[in-house]
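Numbering (this note's numbering), first residue to last: 64 to 315.
The set of hints was computed from the structure by calculation and includes no laboratory data.
Certain hints may be false.
Taking CB as the label site, the calculated pair distances span [unchecked claim]: (1) 113 with 254: 42 to 52 angstroms; (2) 185 with 286: 13 to 23 angstroms; (3) 273 with 250: 15 to 25 angstroms; (4) 218 with 284: 22 to 32 angstroms; (5) 293 with 105: 26 to 36 angstroms; (6) 250 with 160: 52 to 62 angstroms; (7) 112 with 303: 35 to 45 angstroms; (8) 295 with 159: 33 to 43 angstroms; (9) 273 with 230: 16 to 26 angstroms; (10) 86 with 303: 11 to 21 angstroms; (11) 108 with 184: 16 to 26 angstroms.
In silico DSSO-like cross-links for lysine-lysine, where the CA-CA straight-line distance does not exceed 30 angstroms [what the hints assert, rightly or not]: (12) 313 with 194; (13) 83 with 195; (14) 256 with 313; (15) 256 with 84; (16) 216 with 198; (17) 208 with 162; (18) 208 with 150; (19) 83 with 256; (20) 83 with 309; (21) 256 with 194; (22) 208 with 194; (23) 150 with 140; (24) 313 with 286; (25) 195 with 313; (26) 309 with 195; (27) 198 with 309; (28) 84 with 286; (29) 286 with 150; (30) 83 with 313; (31) 195 with 208; (32) 198 with 84; (33) 256 with 198; (34) 83 with 194; (35) 216 with 194; (36) 150 with 162; (37) 216 with 195; (38) 256 with 309; (39) 256 with 286; (40) 195 with 256.
Every residue, glycine too, gets a C-beta built ideally from N, C-alpha and C.
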Amino acid sequence: MFWNSILPLYDSSERIIGMKKYEFLLFDADNTLLDFDENERVSLLDTFEHFGLPCTEEVLGLYHEINIMYWEMLSRKEIERDALLIKRFETLFERVGIKADPVATENHYRTNLGNGCQIMEGAMEVLMELKKDYKLYVITNGVAKTQHNRLEKSGLAELMEDIFISDEIGYNKPDREFFEYVESHIPCFEHEKALVIGDSLFSDIRGGVEFGLDTCYLNIYHKPNTSEIISTYEIQDIVELPQLLKNTAKEQ
Numbered sequence: 064m065f066w067n068s069i070l071p072l073y074d075s076s077e078r079i080i081g082m083k084k085y086e087f088l089l090f091d092a093d094n095t096l097l098d099f100d101e102n103e104r105v106s107l108l109d110t111f112e113h114f115g116l117p118c119t120e121e122v123l124g125l126y127h128e129i130n131i132m133y134w135e136m137l138s139r140k141e142i143e144r145d146a147l148l149i150k151r152f153e154t155l156f157e158r159v160g161i162k163a164d165p166v167a168t169e170n171h172y173r174t175n176l177g178n179g180c181q182i183m184e185g186a187m188e189v190l191m192e193l194k195k196d197y198k199l200y201v202i203t204n205g206v207a208k209t210q211h212n213r214l215e216k217s218g219l220a221e222l223m224e225d226i227f228i229s230d231e232i233g234y235n236k237p238d239r240e241f242f243e244y245v246e247s248h249i250p251c252f253e254h255e256k257a258l259v260i261g262d263s264l265f266s267d268i269r270g271g272v273e274f275g276l277d278t279c280y281l282n283i284y285h286k287p288n289t290s291e292i293i294s295t296y297e298i299q300d301i302v303e304l305p306q307l308l309k310n311t312a313k314e315q
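Just need the whole structure built from these sequences, with the hints factored in.
Shown next as structure tokens:
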């Protein structure tokens with residue numbers, strides 16, 4: 064009787080119905096729940112076709128690298144967000160020798176991106192299962208209108224207790240102020256009961272670690288971590304998360 068009162072309980076589907084280590088799951092959006100890579104690809108192809116611009120695999124790959132570079136600069140406060148959105152296309156066009164209007168290109172691309180609602184494989188099923196036992200939240204950098212549209216159209220928004228977007232908060236991950244805002248807007252929030260899940264070591268994992276939260280690095284590209292940022296857990300696919308959470312409950 065004593066042991067049954069302190070060990071986690073499971074029903075026939077292995078769902079946690081008793082004690083669990085975490086209560087609040089804080090999910091990044093892009094490449095964690097939403098398939099940003101695919102959305103980016105489709106949106107760029109349509110945008111370049113609209114303006115009659117060449118869009119090879121080399122151009123797509125180069126844009127991807129440039130975009131990541133500028134978002135990392137934003138996280139380090141080396142560039143403003145509005146400048147980033149235009150600068151990434153300016154840089155791309157300079158690199159490949161394309162003469163085009165970066166502002167018009169960004170505006171068309173932004174519309175396409177906001178309409179993209181591709182979901183990471185298995186993410187919807189994982190969230191539907193976890194929602195039975197946990198409170199789910201999105202914590203994401205990005206443009207508010209774009210992120211809200213994508214989360215709502217994908218059906219992910221309705222599974223969330225709340226959605227926190229840097230554009231609305233005024234701070235980006237990994238800023239401490241971003242996480243302070245999240246903490247202050249989640250009822251009964253406790254650090255030791257929260258887990259940050261995301262694909263970015265620099266913004267998601269570093270931000271969570273520096274704020275004193277446990278973290279789960281979603282290493283979708285299966286790359287070795289050569290940084291000094293150490294995550295509490297690491298998985299390579301979102302479908303691994305439920306079992307990880309069950310294991311943490313058993314370890315208590």
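Item to check | Hint check against the structure, violated hint numbers in rising order | outcome: Every hint satisfied by this model.
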